[in-house]
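K.L.:
Each chain, letter by letter, is given below.
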Amino acid sequence: MSTPFPDRPASDRLAPGKPAIPRWKWLLGAAVVAVPLLLGIGLTRDPSYIPSMIVGRAMPEFSLEALSGDAKVASEALLGKPLVINFWASWCVSCRQEHPLLVQLGDRADLFGEFGIVGINYRDSRQAALGFLDREGRFPYASGLDTRGRLGIDFGVYGMPETFFVDAAGIVQARQVGPLTQEAVERNLKLIGAGR
Amino acid sequence: MKRTLAAAALAFTVAAAPAAPFRTEAPEEAQVREIGAKLRCPVCQSENILDSQSGTAREMIAVLREQLALGRSEAEILGYFRSRYGDYVLLSPPASGFGGVIWLVPPLLLAAAGAVYILLVRRNAEAARRAGQASQPRAPLDEQSLRRLEL
Numbered sequence: 001m002s003t004p005f006p007d008r009p010a011s012d013r014l015a016p017g018k019p020a021i022p023r024w025k026w027l028l029g030a031a032v033v034a035v036p037l038l039l040g041i042g043l044t045r046d047p048s049y050i051p052s053m054i055v056g057r058a059m060p061e062f063s064l065e066a067l068s069g070d071a072k073v074a075s076e077a078l079l080g081k082p083l084v085i086n087f088w089a090s091w092c093v094s095c096r097q098e099h100p101l102l103v104q105l106g107d108r109a110d111l112f113g114e115f116g117i118v119g120i121n122y123r124d125s126r127q128a129a130l131g132f133l134d135r136e137g138r139f140p141y142a143s144g145l146d147t148r149g150r151l152g153i154d155f156g157v158y159g160m161p162e163t164f165f166v167d168a169a170g171i172v173q174a175r176q177v178g179p180l181t182q183e184a185v186e187r188n189l190k191l192i193g194a195g196r
Numbered sequence: 197m198k199r200t201l202a203a204a205a206l207a208f209t210v211a212a213a214p215a216a217p218f219r220t221e222a223p224e225e226a227q228v229r230e231i232g233a234k235l236r237c238p239v240c241q242s243e244n245i246l247d248s249q250s251g252t253a254r255e256m257i258a259v260l261r262e263q264l265a266l267g268r269s270e271a272e273i274l275g276y277f278r279s280r281y282g283d284y285v286l287l288s289p290p291a292s293g294f295g296g297v298i299w300l301v302p303p304l305l306l307a308a309a310g311a312v313y314i315l316l317v318r319r320n321a322e323a324a325r326r327a328g329q330a331s332q333p334r335a336p337l338d339e340q341s342l343r344r345l346e347l
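Quick note, the sequences are listed as chains A and B, same order. All residue numbers for the first sequence refer to the working numbering, where the first residue is 1 and numbers rise by one. All residue numbers for the second sequence refer to the working numbering, where the first residue is 197 and numbers rise by one.
Hints may be right or wrong, so weigh each one.
Here are a few chain B residues that face chain A, going by a calculated C-beta distance under 10 Å [claimed, not checked]:
# : residue
1 : CYS240
2 : GLN241
3 : ASN244
Because the hints were derived from the structure by calculation, they are not lab data. Beta carbons are placed, not taken as given, at the ideal position from N, Cα and C, and that holds for glycine.
Chain B on its own, in the form it takes in the complex:
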């Protein structure tokens, strides 16, 4: 009995599988994900609105869908949220204004570190060259110097 049931269940599963078509995503969902990933949830600080479980983030996704349906561009939608929550709502800071400073600092620091490194290497090389010169054999100490040093 058990076997028959299992076989029937298997047969049904196999038969039913191709009948259930894959649900295809609405075309604008890709855009929802793309833009949503750039928006920071204002309530939870370091999550984007897609990952966040908060009600505010869900409502923001609803707003995002509505605006896409109205044919708004990504820039317009980001601008909409920025006018309400400021640059805070963008997960990557804009490259203009104060945000530009944030983008500039790492390359500047890298360049400064490189400059210091090169300077130190050069200085060391110079010191090594001098040391090489200094260790050239010299004339042995004369009688007077030896006596002065009490050797």
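Pulled out of the complex, with its shape left as it was, chain A reads as follows:
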């Protein structure tokens, strides 16, 4: 049998060893699928989320003026058992959402003593903070004033509310960005050895 198109280059002819669809077309097709897929996955991620640097490290020390005007709220006095540190502010809308859960958590800490809990009133005024607690209900635990947000920088805080879970050795084990949920509380308390 003679070759059907003698004037065409040999590379254009179908040879038995050559696939019908050349490799570069497969590669191009794969890229056409992969690029939008990767971009799509990127869209589902929250661009404002900042991974915590403090998880796995020692909790920063602090000694803050108390919201109540009583003794200072100091990290020294809180160490020795698992600790929950909640950053909150009167101007923070989603803080209202987690408020009842925090009050409940404070009562539980009081009753069972399996962990300590402290609030950090972040970039707020005492007056506004007390007004907020009058409306929403008092925390059964002390809050320290971080009026300028300096301690917030030490903790790498970027949004309100944020909650840190510190184990008895003073190592931060978890951070929750945004309002707490019952499920998040239980999961993170277990991480610091205070779960049930």
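Chain A is fixed; fit chain B onto it per the hints.
P.N.:
What follows is chain B alone, placed relative to chain A:
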């Protein structure tokens, strides 16, 4: 009256102008701006801490000034913020670790595109050369072929 007032005001302005000296900037302010421009505001995502109006950014500038006053170096100060907010706080990613990949990808893509371009040009040139050969005049069709093609 109006004129006299205006003239007086003008005279006063002219006289007062050289009396008010230009306020000179503290020498470390240039450094505050230089380092501040490299730090990203954690609250507002794509602004540096100098441009940002947020309280967090202002407090970060206050920290920056304090640390400069303590004689800390730029690397130390950037390290201070990095240990709290991670690489996120740097507006240009570091050239080591995963950040290095980000810096490497554009030149690699450019090189790959160049390679593909050269390959295509070569292939086209080859095809053109072949086509040139193919269009060389050939012997006219013989009787038998003509009849077969029913021309």
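K.L.:
Each hint: holds or not?
P.N.:
Verification of the supplied hints:
1. CYS240: holds (9 Å)
2. GLN241: holds (6 Å)
3. ASN244: Since chain A brings no Cβ nearer than about 15 Å to ASN244 of chain B, farther than 10 Å, the hint is violated.
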